[in-house]
Amino acid sequence: MTLDATEILELHGERAAQRGNPSMVWRAGQKRRLDLILRWASTRADGTLGNVLVDGCGVGMYAHALEPHSHAVHGIDIEPEHLEIARVNVPEARYALALGEQLPYGDGSFDLVLSHEVLEHVYDDAMAAAEIVRVLAPGGRAVIFAPNRLYPFETHGHYWNGRYHFGNTPLINYLPNALRNHLAPHVRTYTRKGLLALFLGQPVRVLHLTEIYPGYDNLVYSRPALGKWIRRVTYALEASPLTTFGISHLLVVEKVNNE
Numbered sequence: 001m002t003l004d005a006t007e008i009l010e011l012h013g014e015r016a017a018q019r020g021n022p023s024m025v026w027r028a029g030q031k032r033r034l035d036l037i038l039r040w041a042s043t044r045a046d047g048t049l050g051n052v053l054v055d056g057c058g059v060g061m062y063a064h065a066l067e068p069h070s071h072a073v074h075g076i077d078i079e080p081e082h083l084e085i086a087r088v089n090v091p092e093a094r095y096a097l098a099l100g101e102q103l104p105y106g107d108g109s110f111d112l113v114l115s116h117e118v119l120e121h122v123y124d125d126a127m128a129a130a131e132i133v134r135v136l137a138p139g140g141r142a143v144i145f146a147p148n149r150l151y152p153f154e155t156h157g158h159y160w161n162g163r164y165h166f167g168n169t170p171l172i173n174y175l176p177n178a179l180r181n182h183l184a185p186h187v188r189t190y191t192r193k194g195l196l197a198l199f200l201g202q203p204v205r206v207l208h209l210t211e212i213y214p215g216y217d218n219l220v221y222s223r224p225a226l227g228k229w230i231r232r233v234t235y236a237l238e239a240s241p242l243t244t245f246g247i248s249h250l251l252v253v254e255k256v257n258n259e
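Residue numbers (our numbering): 1 to 259.
By construction, these hints were calculated from the structure, which means they are not laboratory data. Predicted, not measured: the structure shown is a model, and the values here were computed from it. Mixed in with the good hints, there may be bad ones.
Lysine to any residue pairs mimicking SDA-like chemistry, simulated, CA-CA at most 20 Å apart [stated by the list, open to error]:
(1) Lys193 with Tyr174
(2) Lys193 with Gly215
(3) Lys31 with Tyr174
(4) Lys31 with Thr48
(5) Lys193 with Asn181
(6) Lys31 with Gly215
(7) Lys228 with Leu242
(8) Lys228 with Gln102
(9) Lys31 with Ala178
(10) Lys193 with Asn177
(11) Lys228 with Gly246
(12) Lys228 with Gly215
(13) Lys193 with Arg149
(14) Lys31 with Lys228
Simulated restraints, written as ranges between beta carbons of each label pair [as the list claims (entries may be wrong)]:
(15) Pro138 with Asn218: 36 to 44 Å
(16) Ala178 with Asp46: 48 to 56 Å
(17) Gly194 with Asp35: 22 to 30 Å
(18) Asn168 with Pro138: 34 to 42 Å
(19) Arg192 with Lys31: 35 to 43 Å
Ideal placement from N, C-alpha and C gives every residue a C-beta, glycine not left out.
Let the hints inform the model, and build the full structure from the sequences given.
What follows is the structure, given as structure tokens:
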């Protein structure tokens, strides 16, 4: 299936609700996710992560963080104004205005692809997942963060009576699909099975799949003692079966050489 770029851009609809907003600051939560990315990315012979693609780079926060570890960093986004900020933040990286469903790179171009909370916003997540795999070199890895259906809050807001309401909404994701998707039609959320299904039939093997809890950076800023206590408790839950209720899935897949 091939979609015209203009058609996909039109289908993305309302920008803030449909596409999410990129991180504008770098705090403990982002640093923790960077540590996880570096833990699961493979190192090339030259001691770097090789060629890296940040698929949905926003204003370049993760491009900036990964650049010192990489041979070269590329970033794509569908928001031109975000890319302009990214070019200022990380002038060493190379950027393209592009869709996740149609990455403007050749097969096997990258050793690492980071998809950070992006798949839930694209028009066709199966096509975007296939593109991630296509541009990975054999032995290359994709590190994917995506929202967890079992997290007790929908963090992308919801619609009610035709109006969008920003903020964390409790229990929406526990509703049956039809009702959940009526209240939050602008964003997907995934079960483990649903996320893995995007990569079925692709030439990859799953290295790791778990859930992680939030960084609670806003709460730590406003109420430090409470925020740090909640952070400590929920991070400990990641070593238990209760990790299944974390905010995001962390999926790591590796491209296999199927020749």
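Hint check:
1. Only pairs whose Cα atoms come within 20 Å are accepted, and Lys193 paired with Tyr174 is accepted, the gap being roughly 16 Å.
2. Annotation: proposed proximity of Lys193 to Gly215 is violated, straight-line Cα distance about 25 Å (limit 20 Å).
3. Taken as a hint, the Lys31 and Tyr174 pair is broken in the structure, with Cα atoms around 30 Å apart against an allowance of 20 Å.
4. At roughly 19 Å between alpha-carbon atoms, Lys31 and Thr48 fall within 20 Å of each other, so this suggested pair holds.
5. For the hint linking Lys193 to Asn181, the alpha-carbon distance of about 18 Å falls within 20 Å, and the restraint holds.
6. A C-alpha spacing of about 9 Å is found between Lys31 and Gly215, which places the hinted pair at or below 20 Å, so the restraint holds.
7. Taking the CA atoms of Lys228 and Leu242, the gap is near 19 Å; set against the 20 Å cutoff, the hint holds.
8. Restraint check for Lys228 and Gln102: the C-alpha separation of about 41 Å exceeds 20 Å, so the hint is violated.
9. A hinted pair counts as satisfied when its Cα atoms are at most 20 Å apart, and Lys31 with Ala178 does not qualify at roughly 36 Å.
10. Taking the CA atoms of Lys193 and Asn177, the gap is near 15 Å; set against the 20 Å cutoff, the hint holds.
11. Only pairs whose Cα atoms come within 20 Å are accepted, and Lys228 paired with Gly246 is accepted, the gap being roughly 17 Å.
12. For the given pair, Lys228 sits about 9 Å from Gly215 by alpha-carbon distance, which is consistent with the 20 Å threshold.
13. Restraint check: the Cα-Cα separation between Lys193 and Arg149 comes to about 11 Å, which is no more than 20 Å; the hinted pair holds.
14. Between Lys31 and Lys228 the alpha-carbon distance is near 15 Å, which keeps this suggested pair within the 20 Å criterion.
15. The hinted range of 36 to 44 Å is satisfied by Pro138 and Asn218, whose Cβ atoms lie roughly 41 Å apart.
16. Separation of Ala178 from Asp46 is about 51 Å and conforms to the stated range, judged on CB atoms against 48 to 56 Å.
17. At roughly 26 Å, the beta-carbon separation of Gly194 and Asp35 lies within the given 22 to 30 Å, and the hint holds.
18. Distance hint check for Asn168 and Pro138: the Cβ-Cβ separation is about 41 Å, which falls inside the suggested range of 34 to 42 Å.
19. For the pair Arg192 and Lys31, the supplied restraint of 35 to 43 Å is violated, since their beta-carbon distance comes to about 26 Å.
Going through the hint list in order, the structure does not satisfy hints 2, 3, 8, 9, 19.
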